[in-house]
Structures are given as C-alpha cells and as structure tokens.
Amino acid sequence: MAIASIFLCALLIYFYFQGERELAKSNHDVLTLIQFAKQVDAQLEKDILKAKDFSSQSYDTLVSNAGDVEGVCAAFKAPELSLYKSANAGMDNLIDRYCTENEAKLHHVENFKSLNSVLRNSIYFVHEASLSEKIEGLERRIIDACLSFITFSSQEAATKLTSMIQEAKLLEKKRSHSPDLKLLVLHAKKILDLKRETDSLAEQVILSPAGGILNEMRKQYVQLSTDADKSASNFRVDVLAICISFFLFSIHSIVSLWRQAQSLSEANRTLEHRVSERTKELEESQRKVLEQQQALISSSKMSALGEMAGGVAHEINTPLAVIGMRVEQMEECIKDGEIDAVDFLDSIAAIKKTVDRIAKIVNGLRFFAREGKRDSAQLIKVSHLIHETLGLCQERFASHGVQLMLPEENLALSAEVECHSIEISQVLLNLLNNAYDAIERMPEKWIKIESFEGRDHVEIWVTDCGHGIPKNIQEKIMEPFFTTKEIGKGTGLGLSLSKGIIEGHHGKLYIDNQCPNTKFVIWLPKSQPVQTAQGTAA
Amino acid sequence: MQFFALVLALLSLTSRADSPKQAEPILPLPTSGPTADPAKIQLGQLLFHEKKLSKDESVSCASCHNLQRGGADGLNKPVGINGAVGEVNTPTVLNSGFNFRQFWNGRVKTLEAQIDGPLQDPKEMGSNWESIIAKLKSDPEYTKRFSSVYADGITPDNVRNALATFERSLVTPNSKFDRFLRGERAAISNLEKDGYRRFKSLGCVACHQGVNVGGNMFQTMGVMGNYFKDRKTPVTEADLGRFAVTKREHDKHVFRVPSLRNVELTAPYFHDGSAATLEDAVKTMAKYQLGKDISTEETRAIVAFLKTLTGQAPASNRQVAGENSK
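Protein sequence lines, in the order shown, are assigned to chains H and Z.
For what it's worth, this note's numbering labels the leading residue of the first sequence as 414, then goes sequentially.
For what it's worth, this note's numbering labels the leading residue of the second sequence as 8, then goes sequentially.
A portion of the hints provided could be inaccurate.
Said to hold, decoys possible - Think about it this way: if two alpha-carbon atoms lie no more than 30 Å apart in a straight line, the pair counts; the simulated BS3-like pairs of lysine-lysine are: (1) Z/Lys144 to Z/Lys62; (2) H/Lys595 to Z/Lys294; (3) Z/Lys294 to H/Lys586; (4) Z/Lys294 to H/Lys547; (5) H/Lys547 to Z/Lys299; (6) H/Lys608 to Z/Lys254; (7) Z/Lys259 to H/Lys465; (8) H/Lys547 to Z/Lys207; (9) H/Lys602 to Z/Lys299; (10) Z/Lys299 to H/Lys595; (11) H/Lys602 to Z/Lys239; (12) Z/Lys239 to H/Lys587; (13) H/Lys602 to Z/Lys236; (14) Z/Lys299 to H/Lys573; (15) Z/Lys200 to H/Lys465; (16) Z/Lys259 to H/Lys608; (17) Z/Lys299 to H/Lys463; (18) Z/Lys299 to H/Lys608; (19) Z/Lys116 to H/Lys459; (20) Z/Lys299 to H/Lys582; (21) H/Lys587 to Z/Lys294.
It should be emphasised that the hints constitute simulated quantities derived from the structure, not laboratory data.
This one's a predicted model, so the numbers in the text were calculated from it and none came from an experiment.
Chain H with its partners taken away, still in its complex shape (with noise of 0.2 Å):
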C-alpha cells in the first residue's frame, strides 16, 4: 500500500512539471513566432525601402525576406500550434486574415521587382544624357522634366513631362525625330509610369495591415496563454495537494507499519536503552549542528528564492512592458515621420529610468542569492538593507495591490549594524513575504516597515494590516515545521530559521502584542561579540 502509495505520488509529480513545462514552452514558441514574424515584417519594409531608393544593390535579401514572411505563415498554419489558436476562434480567424495580408504583400514585392529594375534603368539612362553636353533643345527639357519629377515626383512635374512627351510624339509623325530622341522618350514615359506605380507597390507593401493583425494576434494570445495559465495553475495546485496528501497517507501507512514491528519486539528495557543512546548519539553530534543549520539556511533561502521566482519574473516583466511600449511608440512616430525631439527625449528619459529600476531588481537578487557564511559581519545602514530587500517584492506587492508604507519620521534611515546582511535581507524578505500571505485575501492591504535606533542596538518592524497571532500559536510559530499556509506554499521553516539567525546575532525576533495589528519586531546589537563573528547560529 505504502508503495503503491508513493509510486503514485511520484508518477503525479511527474504529470505536475510535466504539464509545467509543455506550457512555457508553448507559450515560449508562440510569442517568439509572433515576434519573429514582426521582426520579418520589418526587415521587409526595410528592404523594398532601400530597394526604392536604390540603394541595395541585388534583390537577394528581399527575396530570402519573402521567404521568411512565407516561413512565418507555414509555422503558425503547422498543426503543432493548433492547439492554441483551436482554444480560439478569433486566433484562427487573424491568422487567415495575416496570411492573406502576406499573400497580397509577397505578390506587390514580386510586381515591384520587376517594374523596380525598369525603373532604374530608365533613371539611370536619363542621368546619363544629362551628363552630355551635346543634348539641347526639346531633349534637353525632356532630361530636366524628368529629373525633377524623378526628385519630386509631383502632378506639376508629371504633367510638364507628359506634354513634353506629347510633343515629341508630334514631332514623330513629322519623321523629324531623331534615334536618341526616341530612345529618350521611351525611357521618360517608363519613368513616368513606374515611379508612381513602385512607388504605391511599396507603400502597399508597408502599409499592409498585416503588422496590425500580428498587434492584435498577439495581444489576444497573451490574454488567452494568461486564462490558460490561470486554470491550468488552479489544476497545478489540486494536483500537488493530491500528491502531498497521497505522501502523507504513505507516511502514515510506513509509521503504522513500523509501530507493529515494534510492539513484537522487546518492551521497555529496549525502549530505554534506545532513548539514552539516542540522547547520547544527540550529544555526540551536537558539533555538527551548526554545520546542518547553515544548510537549512542556505536551502530554505532557495526554497525561499524559488517562490520568490515568480515574483522576480513579474518585477522585471512590468518595467520591460514599459520600454516596449515606448520604443513601440517611437517606432510609430518615426514611421508616420512625426518625429518630436522633445516627446523622444522623454521616451529616453522613461526608458533609461525603467532600466535602472530592472537592474536595480537585478542587483537585490544577486545580493540575496550570495552565500552568507563566507563574509564576516560588517557594518551596514539599515536603510540598505531595507531597500535591497523591497527591490525583491515590492512590484509584486504593487501589483496586488498591497501597500506599501515607509512612514519617514519612523525610519531610522541612518542607523548603522553589525551584522550578515545577507541573512538579516533573508529574515526581513521572509517577513515580508509571510505578511503579503497573511494579507493577501483581505480587501484592504498594507505592509509597514519602520525602524528605530536605540543607544546600543536598532529595530526593524514589520507591521501588516492583519489582527495580530492569536496568543496559543504565538510560541508555536517558531518552531520548525508549523505553518499556517495552505498546503504547497510554505516550508515552515521560515521563521525558525529566522529566529535562529536573529539570535545567531545576539538579537531576538518577537511579536509585538501591543500593536492592534501584526507586528514582528527585529532586534539588533549594534555590534557583535568579537569571539562570535564568525559563527552566526552559535
């Protein structure tokens, strides 16, 4: 049974990351098709734009560009991204629609080709005569009128050109028409008809809506992949209760197995000799305590780190959602030419702030994640550790709509410690981690954090919006292994530990019952004991 039970657990875990991964990839690959196809769309307009003004030289690029766009159609009508768009019917529905875009587009490339290379021909002839000096006369206005429509290519010009046209026909039908006359003429009235007729291919080419479907694609998808992440989390979560409580009915059947045993066998003597080994064997390894709770440390701020994954990704995501909007706004003005010095200036102003606020979250991860035991204590401001902690959750806390309160005249912005910093950001991030949980289904959310120097030692307080801890669990959640977080989402180990590193620096960790509202308070010596810098959990 207990077998049965556990293999069933594992196949269940199994499913759970399963069905994890099968999703972020999915999601992975069908934003990355859709960037990728705005990445083609692009580089396309870029080339028939240069093709234009002639200043590529060969159509290779254009071509393979094409083929791209034709790529990018194939992959989102291939059957591994059924599933997504049959979630659907509007999915589908744009993606008919963008690949018709692309058809007419890919047809418009192939027709300005073709008139492109005519064209530029015919300029290139009309530039040559206008370098002779023989040419003069009804040839010569025939070169200006063309190099000025070529230039401006206005209906004033156009209409100039065509009369001269005309006369020159005129002059035909009199068989008083040279050679070079009619090689001119023939060149000019191409110039006449191809730059306006490339000139709409290509703006046809740009302006095809296709970009704007794959806007809409993509903003729908987003919506679709969160409905799904959604549901598909609410299923994760069912699925891990089952497996944890599939685990614990294993251990209890293992627990019940190895009571029988031990009922067979001796009684109490046994029993009693087994409890003063114990102790001894207790006693015996006491050395190795310190080392084993280091460890504890060091993975439940892994434990700690993996919840707070998540966290991070959203911190990042919103900052980067800004930059993307702005420079997607740029992009916009400099397509439709209205380029604003001063609105561009502050796009750059936003944006150079949002990268300071991403590497700012960057920085408060890499000052978490670094192992604490190898540096010695050192002096630190609190308000440092302060804000190297909030880097971590604050942008989570924003987002659900958690306050957060720094009351000022109750910082003690300058104060300085002796301490791990690194442990001390773990025992504040895992209060204030624990607080957002507590709070984080009532309608009215806060998170206070103050701090206050006294002569020899300083405070941080935590305080959040909840009712304080009911006096019977007050001793209670200390301890390893209690928690009052729904299944899967604590270890119970936090504030164990954090008691543990608080009082590895001579401090204490208490819950303030004179404040109507949950307030833990984090107590700290200014400075360390010399003798104890070295080991915090002592």
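Fit chain Z to the supplied structure of chain H, relying on the hints for placement.
Relative to the frame of chain H, chain Z by itself:
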C-alpha cells in the same frame, strides 16, 4: 521545434547579410556547398541518371540536364520520350538551388516541387509516380539505399527529396569573377573588367544581380521593344510565360530572369532557344530589354565578362562520377 532552430538560423543570417555594405550587385557563390547527407546526395545522383524514371526507360534527368554540358542539353528545345520535342529551352540545373522559383515561368518554388513537371510531362519523361515507385521497389539496390537514408523507404516524397538534395549540391564555386569579387583583382583581364563595367552601366545588372546573377525575380521579355513581333514566328503558349500560371494580363511574356552563371556552357539561349550564341543573346537583350543597339566592341567585352562566370564543376558530381554507370 525544428522550425525555431530554423528561425534562429534565419535571424542570424539576415543580420549577417545586413552588416557589411555590399558594394557590388553580384555576390560570389559560397565555396562550401550545403551540408546535406552524402548518402542522400549519392542516392539523388543515382536517380538523376536513372532512365527508369521515364515511361519507356529511354531518358533520365541527365539526358537533358547533362552535367558535362553545363547542366543543359545544347538543344533549341529538349527531346523527350519517343523523340517528342518540348515547349521551352532546357534551363540549367547548375546552381538551381539559388533560384527563387523554378521553371521559366516560375510556376513552383522548390526543386522538390519542380520534379513532378518533367516526370509527368508527356513530351518529356511521360511517367507517373505509381509506375516509378513500382519500378524502383523492384530494384533491391534502391530498396537498400532508400531504407538506409529514409525511415519510410521508397516514396514519391523521398524520391523528390533525394533528387532535389543532389541538385542543390550542384554548385559551381570559384569562378574567375567570384575570385575577383573576393578581392583577387588580377583574376580577370582588363577586357573582362571593361565588360563588367559595361554590364553595369548599360543596365544588364538591374535584373542579373545577386548571388546567382539573376534567378531572383521576374521580368517581361521585351521591356523596350516587342520581341515576339520581331521574332516572326507564331506566339506559342509557352511564350506567354507567367501568364500561364497567373492569368493576369500584366504577366504576359513575363519570365523568371535566368541565372548567368556558366552561361558560356548553356547555348542556345532564351526560353525559346532562339539565340544560338552568347553574342546574339547579349545583342538581343540590349535591344529589347534596354532599348539600345550595342556595338560589336561592347558585345565582345560583355561576352568576355560573362565567360568569367563559369565556375568549377560541382564537388558532388566530381566525387561520385564513377558511380553512375548503372
């Protein structure tokens, strides 16, 4: 998710193609061919020379795409089974993997898709897949070779793929002109350089550009004059070019611009095979595409340049040349 690997490869390709400014409109062929499975290339080569692919087992792909004759047949129009004469001049198979479409009228995009055309055309090989597959399956050598390369053995798709893979390996690198493009200034003579200059200034290069010196766009035959009226022979359906595919008026007489690589070897020229020599072809092109009657002097220089586009025989064909006597 092979597609995404492909996407990444494409991305890196496009960014690379973008970075150095290409000063010349013609680009050299890559010196290393595509890295396809050699066994697949060999199988493709065997099939390329396989007469069983035709109805009466009298012709193979190589009958018209003779690799010793620049990948074409030297004829005005190709001769298929029972001496039937085809509609258009045989385009070369060399470097055909670099063309953006296949056939004169560009009706298919890939070499794989091209294969069905000549195989089933009653004037070319006049066969069908059913009988081809049956014939190949009865040959233990093919059964063995196919199953060593393809999981599902002999199928029409695999035959197409093997042939196309072989054809893509038929690249002719290191022509004199490519060496010139790569910086070896002395690789071509002064006359040839002069020819290249004229090729550019006359405007030939507007269409014949890129890595394949053509093969990447469509163009009307007769931009500056009515070629078909002056030709004085009746206009055939094949003369309508791309119109046969799209039925759009503006696609009448529109053809894929042919590659000029190895052009020296592939006379006669044009879709109708009407130009017997390179000189004829250059003069006709100048007249109908550029509106100019060019002098013998100019023609001579351009022809000299065109001959520098002849590259080395494809590596794959040299390697396994002894094997195809089957």
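The hints, checked one at a time:
Between lysine 144 of chain Z and lysine 62 of chain Z the alpha-carbon distance is near 16 Å, which keeps this suggested pair within the 30 Å criterion. Among the hinted pairs, lysine 595 of chain H with lysine 294 of chain Z is consistent with the structure: their alpha-carbon atoms are about 13 Å apart, no more than 30 Å. About 23 Å separates the Cα atoms of lysine 294 of chain Z and lysine 586 of chain H, which keeps this hinted pair within 30 Å; it holds. For the suggested pair lysine 294 of chain Z and lysine 547 of chain H, the alpha carbons sit about 23 Å apart, so the restraint of at most 30 Å is met.
About 19 Å separates the Cα atoms of lysine 547 of chain H and lysine 299 of chain Z, which keeps this hinted pair within 30 Å; it holds. Restraint check: the Cα-Cα separation between lysine 608 of chain H and lysine 254 of chain Z comes to about 25 Å, which is no more than 30 Å; the hinted pair holds. Only pairs whose Cα atoms come within 30 Å are accepted, and lysine 259 of chain Z paired with lysine 465 of chain H is accepted, the gap being roughly 24 Å. A distance of roughly 24 Å separates the Cα atoms of lysine 547 of chain H and lysine 207 of chain Z; the hinted pair therefore holds under the 30 Å criterion.
For the proposed pair lysine 602 of chain H and lysine 299 of chain Z, the alpha carbon gap of about 16 Å is at most 30 Å, so the pair holds. Among the hinted pairs, lysine 299 of chain Z with lysine 595 of chain H is consistent with the structure: their alpha-carbon atoms are about 11 Å apart, no more than 30 Å. With a C-alpha separation of about 26 Å, the suggested pair lysine 602 of chain H and lysine 239 of chain Z falls inside the 30 Å cut-off, and the hint holds. As the CA atoms of lysine 239 of chain Z and lysine 587 of chain H are separated by approximately 28 Å, the hinted pair is consistent with the 30 Å bound.
Proximity of lysine 602 of chain H to lysine 236 of chain Z is assessed by CA-CA distance (about 21 Å); at most 30 Å being required, the pair is judged to hold. For the hint linking lysine 299 of chain Z to lysine 573 of chain H, the alpha-carbon distance of about 26 Å falls within 30 Å, and the restraint holds. Taken as a hint, the lysine 200 of chain Z and lysine 465 of chain H pair is honoured in the structure, with Cα atoms around 28 Å apart against an allowance of 30 Å. With a C-alpha separation of about 21 Å, the suggested pairing of lysine 259 of chain Z with lysine 608 of chain H holds against the 30 Å cut-off.
A distance of roughly 28 Å separates the Cα atoms of lysine 299 of chain Z and lysine 463 of chain H; the hinted pair therefore holds under the 30 Å criterion. The hinted pair formed by lysine 299 of chain Z and lysine 608 of chain H meets the criterion: a straight-line CA distance of about 21 Å does not exceed 30 Å. Simply put, lysine 116 of chain Z and lysine 459 of chain H have alpha-carbon atoms about 24 Å apart, close enough for the 30 Å limit, and the pair holds. This hinted pair checks out: lysine 299 of chain Z and lysine 582 of chain H have alpha carbons roughly 19 Å apart, not beyond 30 Å.
A C-alpha spacing of about 25 Å is found between lysine 587 of chain H and lysine 294 of chain Z, which places the hinted pair at or below 30 Å, so the restraint holds.
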